[in-house]
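Colleague: Read off the chains here:
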Amino acid sequence: MHAVTPAVELEDVSFAYRPGVHVLEHVSLTVAPGEFVAIAGPNGGGKTTLLRLVLGLERPTAGAALVFGRPSTAKAGGDTRIGYLPQRAHLIGEAPVTVREVVSTGRLAPTGIWGPLRSRDREVVGRAIETVGLSARADAPLRTLSGGMQQRALIAKALASEPTLLALDEPTTGVDAESQESLGILLEQLREELGVTILYVSHEFGAVEHVVDRIVLVRGAVVYDGPPSGLPGVWHDPSHHHA
Amino acid sequence: MLDLEFMRLALATGAVVGLLAPAVGFFLVERKASLIGDGLGHVAFAGVAVGYLLGISPVLTALVAAVIGALAIEWLRTRGRTAGDQALALVFYTGIAAGVVLVSKAGALNVNLFQFLFGSILTVTRNDLWTVLVLGIGALATIVVLFRGLVATVLDEEGSRVAGVPVTRLNVVVAVLAALTVAVSMRIVGILLIAALMVLPVIAANRVAWSLRSTFGLSMAFGLGSVLSGLSLAYYADLPPGGTIVLVAAGAFVLCSAGSAVARRV
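Quick note, the sequences are listed as chains Z and Y, same order. The C-terminal residue of the first sequence carries number 243 in my numbering, and the numbering is unbroken. The C-terminal residue of the second sequence carries number 509 in my numbering, and the numbering is unbroken.
Where hints are given, some of them may not hold.
Stated by the list, open to error - Pairwise CB distance ranges (calculated): (1) Arg369/Y <-> Gly133/Z: 15 to 25 Å; (2) Leu498/Y <-> Ala62/Z: 42 to 52 Å; (3) Trp318/Y <-> Val21/Z: 22 to 32 Å; (4) Glu130/Z <-> Val387/Y: 44 to 54 Å; (5) Gly20/Z <-> Asp328/Y: 22 to 32 Å; (6) Ala32/Z <-> Tyr336/Y: 31 to 41 Å; (7) Ala62/Z <-> Trp318/Y: 41 to 51 Å; (8) Arg456/Y <-> Gly44/Z: 55 to 65 Å; (9) Val21/Z <-> Val387/Y: 12 to 22 Å; (10) Trp114/Z <-> Ile311/Y: 42 to 52 Å; (11) Tyr479/Y <-> Gly112/Z: 43 to 53 Å; (12) Thr73/Z <-> Ile311/Y: 26 to 36 Å.
Claimed, not checked - Okay, derived cross-link-like pairs now, SDA-like style, lysine to any residue, Cα gap no bigger than 20 Å in a straight line: (13) Lys275/Y <-> Arg404/Y; (14) Lys275/Y <-> Asp121/Z; (15) Lys275/Y <-> Leu376/Y; (16) Lys275/Y <-> Asn414/Y; (17) Lys275/Y <-> Arg412/Y; (18) Lys275/Y <-> Arg143/Z.
Hints were generated in silico from the structure; no laboratory data involved. Treat the numbers as computed from the prediction; the structure is a model and nothing was measured. The beta carbon of each residue, even a glycine, is placed where N, CA and C say it ideally should be.
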């Protein structure tokens, strides 16, 4: 029997933005297909850098970063499709862009940049909007939506690429507690229905603590990697309680 | 007014410019790089000077200079060593300084030069019209074909990179389109005012539009309207065309802002 290719594999990865000043050192991490992993840790601890290495936006100074067995910096291709949810603040620009327009941009990875979307692509976009429960607001400008709804629109954008890996960067920033809870439920549902692998990067993981398989704490290196239940008590996020 | 050959040429050329400038400007404004057109105008000025010095078409040399300037700005910006506004300042001032030195060397500090700086409706030739038509339609077609990729890059450059979109190449396309717009527009609007026509219709449209597509469409409509009404006003009231066109565009912005403010209160 063949071993399953991991969705994400960091092999003894080190990274420095400036020579000698390491943000991450000797990080090894394996995420299996379909796993839901929260990457947490203090600000400045290197968790966003870790995500950027997985996304191929940075190249390891040492070691290797593989996504579905291919170097992460290789151009997306084959069966590897990454749905990436950047920090929301980056996306609210000057123009009144609608939910549907934002979600449509998520369709670029499978279709390429040439010409208009075909009807099948528009269907996928519509379904992605439906999945996150925004059909009624599909043609509303993004900036007229609440923080939680904007977050859902961006998740729909990530889903429109029909991703095999969903990567979320600080998805709860500026989102109220109730929307954070429903975000956790939505992600769990996506993982179950689509079998998508989820990397959830945040300094607070209370919203997903009860649905993730593993929590990886990063502070220059991996300082904890295991189920949420194994975390030392002080690490739990007191703002969320679950029966 | 339409009996006159020079006005027909000016209006036809102006129509292309009025559609093209905001269509390209749209991507600059949404990228918060509204002033790139201005910097490129200054570089184009150096190009015009080179044209005079060598005795060849100033439009052609301006086009080459603006393209080189646009690529330089893009290169400095993406290398990350120079902040966007500093890259702009560097290219901008080098361009204008080189222009002043070269123009003076060519002994061309005269009325001819003013046509390029502030635009003129009397001097558009049939050849100019053909050049503007071919380059303008080519540029607009490029935007239409690459629209989705350009929009995605503008909305989320990093996310687009992750999705495998050739972001660097698309940014170069926008930079070259901006340079091309400056070169083909300077006959009508003038080097010093072309950037305004790339920016004002877009920010006016931003105030009243309801989607990205409607912003894009309204920007072009405002650009076209500003050029055609500005040129007509300039003809009847004997005003400089570039300035008149830009004042009409600024008026459109004021109206749109006031309109959207009123609409929000109701």
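Colleague: It remains to establish, for every hint, whether it holds in the given structure.
Modeller: Structure-based check of each hint:
{"no.": "1", "hint": "Arg369/Y <-> Gly133/Z: 15 to 25 Å", "in the structure": "59 Å, violated"}
{"no.": "2", "hint": "Leu498/Y <-> Ala62/Z: 42 to 52 Å", "in the structure": "59 Å, violated"}
{"no.": "3", "hint": "Trp318/Y <-> Val21/Z: 22 to 32 Å", "in the structure": "27 Å, holds"}
{"no.": "4", "hint": "Glu130/Z <-> Val387/Y: 44 to 54 Å", "in the structure": "29 Å, violated"}
{"no.": "5", "hint": "Gly20/Z <-> Asp328/Y: 22 to 32 Å", "in the structure": "30 Å, holds"}
{"no.": "6", "hint": "Ala32/Z <-> Tyr336/Y: 31 to 41 Å", "in the structure": "56 Å, violated"}
{"no.": "7", "hint": "Ala62/Z <-> Trp318/Y: 41 to 51 Å", "in the structure": "29 Å, violated"}
{"no.": "8", "hint": "Arg456/Y <-> Gly44/Z: 55 to 65 Å", "in the structure": "40 Å, violated"}
{"no.": "9", "hint": "Val21/Z <-> Val387/Y: 12 to 22 Å", "in the structure": "46 Å, violated"}
{"no.": "10", "hint": "Trp114/Z <-> Ile311/Y: 42 to 52 Å", "in the structure": "28 Å, violated"}
{"no.": "11", "hint": "Tyr479/Y <-> Gly112/Z: 43 to 53 Å", "in the structure": "50 Å, holds"}
{"no.": "12", "hint": "Thr73/Z <-> Ile311/Y: 26 to 36 Å", "in the structure": "30 Å, holds"}
{"no.": "13", "hint": "Lys275/Y <-> Arg404/Y", "in the structure": "19 Å, holds"}
{"no.": "14", "hint": "Lys275/Y <-> Asp121/Z", "in the structure": "30 Å, violated"}
{"no.": "15", "hint": "Lys275/Y <-> Leu376/Y", "in the structure": "28 Å, violated"}
{"no.": "16", "hint": "Lys275/Y <-> Asn414/Y", "in the structure": "13 Å, holds"}
{"no.": "17", "hint": "Lys275/Y <-> Arg412/Y", "in the structure": "19 Å, holds"}
{"no.": "18", "hint": "Lys275/Y <-> Arg143/Z", "in the structure": "17 Å, holds"}
Going down the numbered hints, you'll see the structure goes against 1, 2, 4, 6, 7, 8, 9, 10, 14, 15, while the others check out.
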